[in-house]
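Novice: Read top to bottom, the protein sequences are chains A and B. Each residue of the first sequence is one higher than the one before, counting from 114 in this note's numbering. Each residue of the second sequence is one higher than the one before, counting from -8 in this note's numbering.
Computed far set for chain A versus chain B, every beta-carbon distance over 12 Å:
1) 239
2) 335
3) 421
If you want the footprint, here are the derived chain A segments under chain B, 3+ residues with CB under 8 Å:
4) 152 to 165
5) 206 to 218
Pulled a few chain B residues facing chain A out of the computed Cβ check, cut under 8 Å:
6) -7
7) -5
8) 0
9) 3
10) 4
11) 7
12) 8
13) 62
14) 63
15) 64
16) 66
17) 67
18) 70
19) 71
20) 72
21) 73
Keep in mind that the hints were calculated from the coordinates and are not lab data. Everything numeric in this text was worked out from a predicted model, so none of it was measured. Every residue, glycine too, gets a C-beta built ideally from N, C-alpha and C.
So the chains spell out like this:
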Amino acid sequence: MDAVETYGLTRLYAAHRGIEGATLRLARGEVFGFLGPNGSGKSTLLGVLATRLGPRAGSFRILGHDGAREPAAIRRLIGYLPEGTAHWGTLSGFQNAWFFARAYGLGQAEARARLEGFFTWAGLWDQRGAPVETYSYGMKRKLALLEALVHLPPVLLLDEPTLGLDYASEVALRARLAELAAAGTTVLIATNDVALAQAVCHRVAFLHRGRVAETGRPGDFLAALGGRVEIALTLTQAVDPALLRGLPGVEAVTFQEGGPLVVAMDRPGLLADVVSAVTAGGGRIAHVRVREPDLGDAFIRVTGESMAGGR
Amino acid sequence: MLPSTLWQKELAETFASKRSLAIKLAFPLALAGPVIIASPPPAVTAGAVAFLVLFVGVFGSAVGLAQERREGIWQRVMLTPHSPGRLLAEVVLANAAVDLLQLSPVFAIFLLRFRPSTPWLVAVLVGGVAATLVAGLLGVLLASAVEGSGEVHLYAAVLVFALAGLSGLFFPLRAENAWQVAVARASPFTYLAQALLGAEGGPALFGPLDSALSLGLLSAGLLGVALLAAPRLLRLRD
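All chains should be modelled from the sequences, with the hints used to inform the complete structure.
Specialist: Here it is in structure tokens:
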């Protein structure tokens, strides 16, 4: 039995936004990412799976429970991090998290032990007694995240989980998600964060204008890009671009502010050759930036539009 | 206090700030205290106290819950495994408990001022609890039916004044106006007003037993219907 199955799932809004005809199957222990620009239907899809929104067509099952007929059973099995933050502001972070831990059936001793661990993990232990209205946005998101995790649900639905998190927290989250997946938790992530998706997702679906444009493994999408890299040079002394165009593997050299942008097939020694060519030609390098292709580039290849929503 | 249920959460919020608790307690007292002490005609005192119960109950639950809906907390609560019936019962009972706490000084002054006989004392106490419960229930239903804080305030005001009018809180009910009494009998707040009137020694239309029983049955019936309809009443809006 798959952890999550959707068949032609459709939930559209009047403004032609939402999700249409989504058919997916997710295995237990799989980390699956929904990638797409704002308005592509990611949050709607997660909202339907969380039983927050009703589908207008199609169906879905979570661990064998039908979404339309058994929403209560599904709610017991999921942890859901919605968009934004929603807490009782006058209560402390610990009081808020305690309520949800108990609502999901944890006993008092278990809830206390789990929350102590999760508050420490999230770096909120010292602020656990402060009213949530005094928390920063990032702290509120961390609180919402640990509230979704604390009952150790077999299926996790996370909407933009890295939004508002500092780098250390993001790294800790990636490690935690990998641990959970290894333990059999199925994780669905709706995100614009391609670095997160590349780091933790076993598979991703590109959502484009409410439809699943393509589904696959991040590595396969990246491989399909052909191993190209971009080398952006900032020069204090310009050089003849013909020196760079003649290098093996270089496909294009364009100019941007500060210097040339080299697009080339990646190969051992490419960067050294580029730097040597520039210095041999009398150029002076102030800064070099190498960017490997990511899922954002793969999204453009598949949909013809960028993750920012433009062509 | 670590809240495991909605009613515990409500109490934790109420006692989280001493200042807001003091304001909550002082507000009804400041409105009704002078009326009770000034000894106007009995119908005016009874109408004022019953109106206060209606006002505090409806607005107290409707405004708070509408805010929770707007902020998304209510959606999160609805996505927990608890049944809609349990959630509705907890919200209504929690709001009623807080409202009764707010109103208890008013009832205390009223009972100390008029020192009613035991039957009327029981009628006032039963009536106070039941009417607060019903007012809170109406507020919860209102908040779950309309969008936005402004709308909630508007419709709550309309509801409160309409019910107050029907219940004879603005003008005394007269036995000779049979249709008026018949309509008023459908409102729980009529019985509270009549119990208060009787407790003051005024010309109540119903006896203490009639008031207490009618109000108790009416409120239990309304709560029962609301609990049965909870899955529809509290469904997540999409």
